[in-house]
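What follows is the residue order along each chain.
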Amino acid sequence: MSDLKPLVEALLFGADGPLRGDRLAEVLEVEGVVVNEVLRALQTEYETQPRGFFLQEVAGGYQLRTRPEFADYLRRLGRTRPFKFSRPALETLAIVAYRQPVTRTEIEYLRGVDSGSVLKTLLDKHLVRILGKKDVPGKPAIYGTTREFLELFGLVDLAALPTLKEFSELATDADMDESAAVLPREVSGD
Amino acid sequence: MSDLKPLVEALLFGADGPLRGDRLAEVLEVEGVVVNEVLRALQTEYETQPRGFFLQEVAGGYQLRTRPEFADYLRRLGRTRPFKFSRPALETLAIVAYRQPVTRTEIEYLRGVDSGSVLKTLLDKHLVRILGKKDVPGKPAIYGTTREFLELFGLVDLAALPTLKEFSELATDADMDESAAVLPREVSGD
Amino acid sequence: MDSFSVHLDNFTGPLDLLLHLIRKNEMEITDIPIAEITAQYLAVIDTMQTLNLDVAGEFLLMAATLLHIKSRMLLPQIAEDGAEEEDEEDPRAELVRRLLEYQKYKDAAVQLDELPQLNRNLYARSAPAPEVVEEGEGEFAAVGLYDLLQALQQLLVERPEPLAHEISAEQLSVADRISQILTALQGQQSLAFTDLFSAQISRHEVVVTFLAMLELVKLRLVHLLQSQRFGAIWLTPAVAEPTGLDSDVDEETLGYV
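Protein sequences appear in the order of chains A, B and C. Going by the working numbering, the letters in the first sequence line up with residues 6 to 195, in that order. Going by the working numbering, the letters in the second sequence line up with residues 6 to 195, in that order. Going by the working numbering, the letters in the third sequence line up with residues 3 to 259, in that order.
Derived from the structure by calculation, the hints contain no laboratory data. A couple of the hints might just be wrong.
Said to hold, decoys possible - Coverage of chain A stretches by chain C, computed from C-beta distances (three or more under 8 Å per stretch; other residues unrestricted):
{"#": "1", "stretch": "64–78"}
{"#": "2", "stretch": "87–95"}
{"#": "3", "stretch": "98–104"}
{"#": "4", "stretch": "117–125"}
{"#": "5", "stretch": "134–141"}
{"#": "6", "stretch": "156–163"}
Backbone N, C-alpha and C fix where the C-beta goes; we use that ideal spot for every residue, glycine too.
One chain only, chain A, in its complex shape (with noise of 0.2 Å):
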């Protein structure tokens, strides 16, 4: 078992994508509970010590990703640019994620406004996709998350998605700040 964690951390250290368990157990010619085990130990391992990154779970599959304290200094290489949502992507984002399958119109009753354009930059990004058409009259498109979507936010699957807090009176302004709560952090790195 101990010989085969430099080799897991190896495949998930050269693998482009979140690697699934039985994936893993495929490639090693193993027992999927052996790689259960492995997983689990480096998981711990990458805890306790003092190390860059860690084992997230994350869309079915496990990936390394950098500490999150260590954000700042990442962003100074430059590599990637985070996505920086606008409120409107976001909130319909929230919709889309909450109540798939979802058509449209749904969307737009709950948000009060035209989303045709903010759903496409959704579909653009590989965030949102279409996943069949609802068997009511006009068979308009229904619309769902990707893997995509679970990977960028870190979620194992969509059961992981924060519960929603349901709200029998309105919040006050400190419960939920309007603008400062919601607009996207400042990534620049000054």
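Once you've looked at the hints, dock chains B and C against the given chain A.
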């Protein structure tokens, strides 16, 4: 010094190529000698610990690379690299999907280019199949999509293919709306 | 009232603006003082200098909704037999439901944005190890229906004729609506704004109607009057015979195409 190790590891991990020592010093805002010390310490660590990767000095910089002894396993990962759709393949597939039953001549009329090899690839991939012969002079083969096509796109049946109408509505809205750039890429400040 | 300093650009939509006004005034969601909130809402709309029409339509639609609720609140609910109707739902109920529902997703959007995000808070390796980069063919890369549609769309742009029949987005235009309103007004003293809509009207039509109405006011073909007592909007013809104009309103010049 020792607290810089995880951070330097994160930077080496996240960089998209070899990182020069002076670039690291700049990002970390420390002296070059400090960086060199940390790099040497990491190098020793990776050699003495059972790790999946090592630090290689390359092209005037430093890069984390998987250990050569794991190359065979990494190649196994590589062999199942997903088949990426080329633009001609996607175009041809779209025409077959929406216009089936369709002949090669019709496909080529729409695309304006020879589509024989693309069509062959799609046949090989079992995404397109020959439905029969068209009852016109020359008896050309007529093409349609397969069950695998439906599975790949997560469709119950062909009727679940979204119409172009809804799609063009999204596209038109986006063209009209100047706020189409809802997800501008962050302009980095350095 | 500092509601005049509110900029519409700061709000993602009319529900967002309403939420802000309600919170700012510390109003009770289950008992919104509809007259007050309507006045404040309209004040914000009025002070808008630059009108992004695409957005404005929806803000105006909400204004109409508020005015409608206001009039229903003032109107005593009388049933056929003259007795007070008790089962009648509060006219504000649907709006309250929508506000609460909207608030839920607005909050979810904030939570989503707070999640550690790839390439913002954490980074993965950008390129696979050299050993992995090797041309091979395995499974298909995830490709969405959207990509398929986009490929087709691109073809349509380049060669529009063959597949063009699939696009038939026949929707009511502002110019059409202007003609219809003028026709309806012919020979009338006035027309209730609500009479312009049937029960099953689509959201698109409501917005188009609003835009048409604004255009008619701008062209000085129609006056809008609001009755003191019920707050309903009435349309009255500004000219006796709006001849000729109902037939050749040019959509291009209106800028709504």
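Hints, one by one, checked against the model:
no.: 1; hint: 64–78; in the structure: holds (count 7)
no.: 2; hint: 87–95; in the structure: holds (count 6)
no.: 3; hint: 98–104; in the structure: holds (count 5)
no.: 4; hint: 117–125; in the structure: holds (count 3)
no.: 5; hint: 134–141; in the structure: holds (count 4)
no.: 6; hint: 156–163; in the structure: holds (count 5)
Going down the numbered hints, you'll see the structure goes against none, and every one checks out.
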